[in-house]
Amino acid sequence: MKNQQVLSLAIGSLLALGLVGNAVAADTKMEKCYGVAKAGANDCGSKKAGHACAGHATMNNDKNDFVALPKGTCDKLAGGSTTEASDMPKKGM
Amino acid sequence: MNALHDELSVFAGNILGAAQPTPLFDASTHYTTDIGIEVYRNNYRGNLQDALAGAYPIIEQLVGAEFFRRLARDFISLHGSFSANLFDYGAELSDFLMGYAPAHSLPYLSDMARLEWACHRAYFAVDAAPLELVRFTQVAPEEYANLLLHVHPACHIVASAFPIVEIWQAHQPVGTFEIDLARGGEIALVIRQDDVVTVRELTEDEAHWMNGIMQGQRLGEATDATLNRHPAFDLQNTLLLLASLGVWTDFTLGELS
Numbered sequence: 212m213k214n215q216q217v218l219s220l221a222i223g224s225l226l227a228l229g230l231v232g233n234a235v236a237a238d239t240k241m242e243k244c245y246g247v248a249k250a251g252a253n254d255c256g257s258k259k260a261g262h263a264c265a266g267h268a269t270m271n272n273d274k275n276d277f278v279a280l281p282k283g284t285c286d287k288l289a290g291g292s293t294t295e296a297s298d299m300p301k302k303g304m
Numbered sequence: 005m006n007a008l009h010d011e012l013s014v015f016a017g018n019i020l021g022a023a024q025p026t027p028l029f030d031a032s033t034h035y036t037t038d039i040g041i042e043v044y045r046n047n048y049r050g051n052l053q054d055a056l057a058g059a060y061p062i063i064e065q066l067v068g069a070e071f072f073r074r075l076a077r078d079f080i081s082l083h084g085s086f087s088a089n090l091f092d093y094g095a096e097l098s099d100f101l102m103g104y105a106p107a108h109s110l111p112y113l114s115d116m117a118r119l120e121w122a123c124h125r126a127y128f129a130v131d132a133a134p135l136e137l138v139r140f141t142q143v144a145p146e147e148y149a150n151l152l153l154h155v156h157p158a159c160h161i162v163a164s165a166f167p168i169v170e171i172w173q174a175h176q177p178v179g180t181f182e183i184d185l186a187r188g189g190e191i192a193l194v195i196r197q198d199d200v201v202t203v204r205e206l207t208e209d210e211a212h213w214m215n216g217i218m219q220g221q222r223l224g225e226a227t228d229a230t231l232n233r234h235p236a237f238d239l240q241n242t243l244l245l246l247a248s249l250g251v252w253t254d255f256t257l258g259e260l261s
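Respectively, the protein sequence lines represent chains U and Z.
Note that my numbering gives residue 236 to position 25 of the first sequence, counting from 1, and the numbers run on in steps of one.
Note that my numbering gives residue 193 to position 189 of the second sequence, counting from 1, and the numbers run on in steps of one.
These aren't lab readings, by the way, just hints derived from the structure by calculation.
No experiment lies behind these values; they were computed from the predicted model shown.
Ideal Cβ positions, reconstructed from N, Cα and C, are used throughout, including at glycine.
Treat the hints with care, since some could be wrong.
[Unchecked claim] Chain Z regions said to be covered by chain U (calculated; three or more residues, Cβ under 8 Å):
id	segment
1	6-19
2	133-139
3	142-156
4	168-175
5	178-188
6	208-219
7	225-237
Extracted from the complex, chain Z is given alone in its bound form (with noise of 0.2 Å):
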């Protein structure tokens, strides 16, 4: 590697704290060497914690300001950043909060983190127009089962065995906190709306079709399966609810079975 690298290297070791200063560091004008340094990590630090308070507001509101700050520094100590992009930073708290003996009072934290993390990205997401869905009269009936539906690129689901989508609907402005976490578990799908991030609870038949469509399962593939396991599964009401929502942006035509 180069010397440009190499010292590149060293500086970013002095500021996750793990070598000494390098003796290249100018410290002629202000400051010594490891107060320079200091002021350096201090503000890595502090920009990655607002990345973050960015990235997990409920997060936040759940544990309070003064107890995520302790999390976010524990966090940050573990995880760099390798991304120029601020809102590239954080993917890794959900992982982080399960093994986070102080969070360990609060078992829903993780999956919070997981939900919140999917917003963030559904947020960043590129654009993609709806679907016009009278282009369903291009196909043949009986190329129905061939389909391939194309998902916004917001599109997400988590599941839970907490009621998240609660958890996240009372942090909203409107919202209320009549929640019992013993009431079991939620599915939430994540889609944006213009610029507008929606967290919706999904029926556990409506996610496993939806899982398999996003696998990149054919129409009546996804159904079968779907059928099989919930004969009860409703795709006229599904479809029709997921198209209101804006997450189908195209289709196309699968090989023949």
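One chain only, chain U, in its complex shape (with noise of 0.2 Å):
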């Protein structure tokens, strides 16, 4: 083992920081992070309306079968948005 004395400093600052204690450990997040939080999905019946049970049966969910484009938040990043949402078929054409 070769860089046993880069181990021995690493090991030795989580030592330190271990007793110092937990107030230590909260200030070195030096970078903002950003979290979110999940909704659970594991629901056996779904909430949205489109889905609910036999008043939508004779609903074919394959009909609506259009040409569709990305038309979301990817127009936003540089280079990566898609310019073509405008030449889509509108009704009456």
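Work from the hints to combine the two standalone chains into their complex.
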């Protein structure tokens, strides 16, 4: 092990952090982190009306087979947007 | 196989649209067999679609709700659900998107799906208490090289040729869209602190070292390998940073080298 000194220093600093406690541990978050709490999605019955059971029995989900183009936040990414959105056929044309 | 199993197989085939309705289907009450099966099929698809939207909220925002609906429908037609837990559904979306022609204009989409799936798994990973760092006093310095650091079960690393961390952050409540896709790739570290999943960028050397640790390499081994490849690698800072993120949960000693 040629990097013994590197290891000793590194573990030593972890130990020092442990000895001074959690208050310092919190301070070592040097940069802003973004976090997100996810909602659970394990309901066997959907909350959305579109799938809400018998009333929609005869609606065929496969019918709306449009030529879709991505139309979301991808437009905001430089170099990543699609420009064809305005070429979509409009009703009545 | 027994009769019930056979019957359920036929019914599953009906739901996936592959087989003729079974005559055993009870259509005596409100609906014909065809409509009854269509009700079930619509609910089946709708639930899977909601499960996908729950696992991939940024993909949905990136492409918009309308496109996402179509994408989800195409995915569902190829991938059935094989777990009783809906949060297990959708693992293959990243692979699916790689070959999905309608999304070809968004080459980063597949990697974003990989990152979102890692976040999704991180959210549902089991709890683990962070390592009490004072426990390192129990280890003799000459044994440091043999330390096996245990990583939190929610921890994942996702590497991409695109700035996936920036794209992810832009879709958080305080995010801003100042992203140039040509700026190059990013490596994402996914971790959960309490119930909140966090994504943070790792440098190349940090990720190289962390991948070694996650593959079960001892501290000395992983550090040697990374320093050989990235001489400027800062082990001390990396260890401290990851400790502050709650990545370490335990350690054991590997065999002496």
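So, going through the hints one by one against the coordinates:
Remark: the segment 6-19 of chain Z is not confirmed as covered by chain U, as 0 of its residues place a Cβ nearer than 8 Å to a Cβ of that chain, below the required three. With 4 residues having a Cβ less than 8 Å from any Cβ of chain U, the segment 133-139 of chain Z passes the three-residue criterion, so the hint holds. Counting residues of the segment 142-156 of chain Z whose CB falls under 8 Å from any CB of chain U gives 6; the rule of at least 3 is met. Taking a C-beta to C-beta cut-off of 8 Å, the segment 168-175 of chain Z contributes 5 residues in contact with chain U, enough for the three needed, and the coverage statement holds.
Restraint check on the segment 178-188 of chain Z versus chain U: 7 residues with Cβ-Cβ distances below 8 Å, three needed, restraint holds. Requiring three or more residues with a Cβ within less than 8 Å of a Cβ of chain U, the coverage given for the segment 208-219 of chain Z is violated, as only 0 such residues are present. Residue count for the segment 225-237 of chain Z with a Cβ under 8 Å from a Cβ of chain U: 3. That meets the three needed, and the coverage hint holds.
In the structure shown, a violation is registered for the earlier hints numbered 1, 6, in ascending order.
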